[in-house]
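Chains as they are written, first to last, in our numbering: chain Y, 1 to 404; chain A, 1 to 404.
Just to be clear, a hint being listed does not mean it is correct.
No copy is singled out in the list; a pair is fine if it fits within one copy or between any two copies.
As the list claims (entries may be wrong) - Pairs of lysine to any residue residues, derived as SDA-like cross-links and limited to a Cα-Cα distance of at most 25 Å, are as follows: (1) K402 x N8; (2) K91 x G40; (3) K92 x I403; (4) K396 x A69.
For the record, the hints were derived by calculation from the structure and aren't laboratory data. If you're wondering where the values come from, they're calculated on a predicted model, not measured in any experiment.
Number of protein chains: 2
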Amino acid sequence: MARKLKGNALIAQSGGPTMVINETLVGAVLEGKQHPEIKGFYGSLHGIQGILNEEFIDLKRETPKSLEAVGRTPSSALGTVRKKPTESDCKKIFGILLKYNVRYFFYIGGNDSAEATHIINEEAKTVGYEFRCFHIPKTIDNDLLENDHTPGYGSAAKFVACAVMGDNLDNRALPGVKIDIVMGRHAGFLTAASALARRYPDDGPHLIYLPERPFSVQQFISDIERVYKKLGRCVVAASEGLADADGAAIATKFINEKDAYGNIQLSGTGALGDLLAQQVKANTSITRVRADTFGYLQRSFPALISDVDAREARKVGTIAVQQAISGDVDGSIAIRRKPGKAYQIAYERVPLQSVAKATKAMPANFINKAGNDVTQAFIDYAAPIVGELPPIGRLKGVKVAKIR
Amino acid sequence: MARKLKGNALIAQSGGPTMVINETLVGAVLEGKQHPEIKGFYGSLHGIQGILNEEFIDLKRETPKSLEAVGRTPSSALGTVRKKPTESDCKKIFGILLKYNVRYFFYIGGNDSAEATHIINEEAKTVGYEFRCFHIPKTIDNDLLENDHTPGYGSAAKFVACAVMGDNLDNRALPGVKIDIVMGRHAGFLTAASALARRYPDDGPHLIYLPERPFSVQQFISDIERVYKKLGRCVVAASEGLADADGAAIATKFINEKDAYGNIQLSGTGALGDLLAQQVKANTSITRVRADTFGYLQRSFPALISDVDAREARKVGTIAVQQAISGDVDGSIAIRRKPGKAYQIAYERVPLQSVAKATKAMPANFINKAGNDVTQAFIDYAAPIVGELPPIGRLKGVKVAKIR
Chain Y
1 MARKLKGNAL IAQSGGPTMV INETLVGAVL EGKQHPEIKG FYGSLHGIQG
51 ILNEEFIDLK RETPKSLEAV GRTPSSALGT VRKKPTESDC KKIFGILLKY
101 NVRYFFYIGG NDSAEATHII NEEAKTVGYE FRCFHIPKTI DNDLLENDHT
151 PGYGSAAKFV ACAVMGDNLD NRALPGVKID IVMGRHAGFL TAASALARRY
201 PDDGPHLIYL PERPFSVQQF ISDIERVYKK LGRCVVAASE GLADADGAAI
251 ATKFINEKDA YGNIQLSGTG ALGDLLAQQV KANTSITRVR ADTFGYLQRS
301 FPALISDVDA REARKVGTIA VQQAISGDVD GSIAIRRKPG KAYQIAYERV
351 PLQSVAKATK AMPANFINKA GNDVTQAFID YAAPIVGELP PIGRLKGVKV
401 AKIR
Chain A
1 MARKLKGNAL IAQSGGPTMV INETLVGAVL EGKQHPEIKG FYGSLHGIQG
51 ILNEEFIDLK RETPKSLEAV GRTPSSALGT VRKKPTESDC KKIFGILLKY
101 NVRYFFYIGG NDSAEATHII NEEAKTVGYE FRCFHIPKTI DNDLLENDHT
151 PGYGSAAKFV ACAVMGDNLD NRALPGVKID IVMGRHAGFL TAASALARRY
201 PDDGPHLIYL PERPFSVQQF ISDIERVYKK LGRCVVAASE GLADADGAAI
251 ATKFINEKDA YGNIQLSGTG ALGDLLAQQV KANTSITRVR ADTFGYLQRS
301 FPALISDVDA REARKVGTIA VQQAISGDVD GSIAIRRKPG KAYQIAYERV
351 PLQSVAKATK AMPANFINKA GNDVTQAFID YAAPIVGELP PIGRLKGVKV
401 AKIR
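Looking at chain Y on its own, in the form it has when it is part of the complex (with noise of 0.2 Å):
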């Protein structure tokens, strides 16, 4: 049997916050109180920014139930941050480690924080620092190399789907065009669970924009006319992330044209729906033209988490420190689906660069032909993890006879 290694573990939140990130944090910690070698638990104040700046909480200190309360509170309780940690940055933040003695380092976040633990492993390696340097996922985006999908994804999905599913409600009761922008700069998984808000066959979203095609505003509208004409109203779910033939992004396309805004960014605004919503106007006679942009809600709104996304974000905290304990290893927690009907995953440790280098996108059989929809095989995908939708009722609605 292997020495265990013995020392501090420090954890840290990385990049945007999700509805489930704290489940990590608290599988993590709860696990490594099972662990005598590790000596302190600390948690940094957002992410690398507080190993820089040394400022650190100690994670043993807290009461299992106030862990519990914080594993059910959506957005990073640590608090995040967004940096990009260069060379040098990696460099200091080792030199922190050795420090503080931490052998046992774990982030949580995206690809860019696989990145970043990976360049602080290989530091570790060229001292001969024995370390145990694991990266754990979390993205709403669900754009992780490795993983079937990501924690945080699921719950932001169920978000999605319920605002959409409200919205194509309230769109059939006062008709008329309704766009809603959904969060996810280059890859459509977010925008895609609008589909699972369809219950019957005339409900919306009845179209369905992802940046993994190049938009044309011309197809846009012409899309729109054919269902405004089929059943008087149409509802699109539209990727913030939009962009043209060449890649330009349609919002900052149409601010740029109007020089209206100035400098913005694409989230945290509604220029898209709005623009887009004044296209439609613009371009056909129907009137009735609303936009909302979902926003930060889509990760951070509380009582709506996905019960199977939170179950496996608990999980892949509890197995990342499980495999840092059990022996001189490191790399990243990825979630794989098992094949068969019925929905199982399996947890798998894989290298550090592996889902560090790029994202991946919306494969093509999930996205329709005419890149407006969605297949049936990402609603296959897709259902599982967001988990059980609110009912909805529709009345039959038989029709009394006009009196002549």
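Fit chain A to the given chain Y structure using the hints.
Just chain A, lined up with the frame of chain Y:
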């Protein structure tokens, strides 16, 4: 005992949908089925538009199971309309009610719907047609006279409180200024409900701006700077209906100045949030400033309904029919709160005109002196209507001593 009036009943839904407006419909239909004097129970499709077009469905053909499912479903199941009928529309409507032997008329809506109901009722009186004519309250704006609160408000308020609760956590994890735009053109009740999101002393919303107080960009900027200096972050809830001291809508004002959008409506656009965010960026040194506009989700989101609101919405439908059956009466069903510590309400029949004329705004004792927050009196008022909110956990966060 008075002779029971025999004939058909007609019910319709009007104005903006709510999450519980179908509870009212279902309450009325289930009660109506108990009374043999109501022969047919018809539903008009899309409010008075459906009456003018004689587009009715037979609600007695709906099964109890289907009705219960519809009750739990947000948005107007009969369809709705944003049409304020003219005097001549009302006369035409009355003619159609005569033709279909409608003796019981129920119109679920806000103050404009009460006004329409009143005019139709007067028409019946003029010609001596025996008629039971009822308005049933609904509005997420919570601005109906005579009512302590209105069905639909509690659920929309619950959504807003949850959304801001999540957004506060997001902003705490990734600090900056976040502005959330909430529905409510003239009444601030819904924006005010964001205050229910607070759990810890430093929780947002840190500032709340209501249409009841003139909005000053200068005060807004200095309020934000003060909060940001203290907490390093700031969450703002602002009403879509913010107006300056002259009553000019802020959204419109900026748009006119900038001429960026052309004609644009207040709801279904992210304009106000984006423009307020621009003001913060332009007038402070704060770099991370974001805005979200909650949009239509506030009135149609499924799976987050206030139990109290759903129960009361069902009950006003039931009581309207019971009242109509009871004798030669008409009116609107108002919700009154009984004095005392425990939350208790009573339903009271009030004259149609009494809810038809004006609307109400937030009373002065619900708004703080500075005009940038609500008072405890508002919290005490709103909390029982909204009901329980999701629990939020926070780490104790015992600091690890820095190593020198």
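Evaluation of the provided hints:
When the C-alpha separation of K402 and N8 is checked against a cutoff of 25 Å, the pair qualifies only between copies, where the shortest distance is 14 Å, while the shortest distance within a copy is 79 Å. For the homomeric pair K91 and G40, the shortest alpha-carbon distance inside one copy (22 Å) is at most 25 Å, but the shortest distance between copies (79 Å) is not. Proximity of K92 and I403 under a CA criterion of 25 Å is satisfied inter-copy only: 15 Å between copies versus 84 Å inside one chain copy. When the C-alpha separation of K396 and A69 is checked against a cutoff of 25 Å, the pair qualifies only between copies, where the shortest distance is 12 Å, while the shortest distance within a copy is 43 Å.
Hint check: no violations occur; every hint is consistent with the structure.
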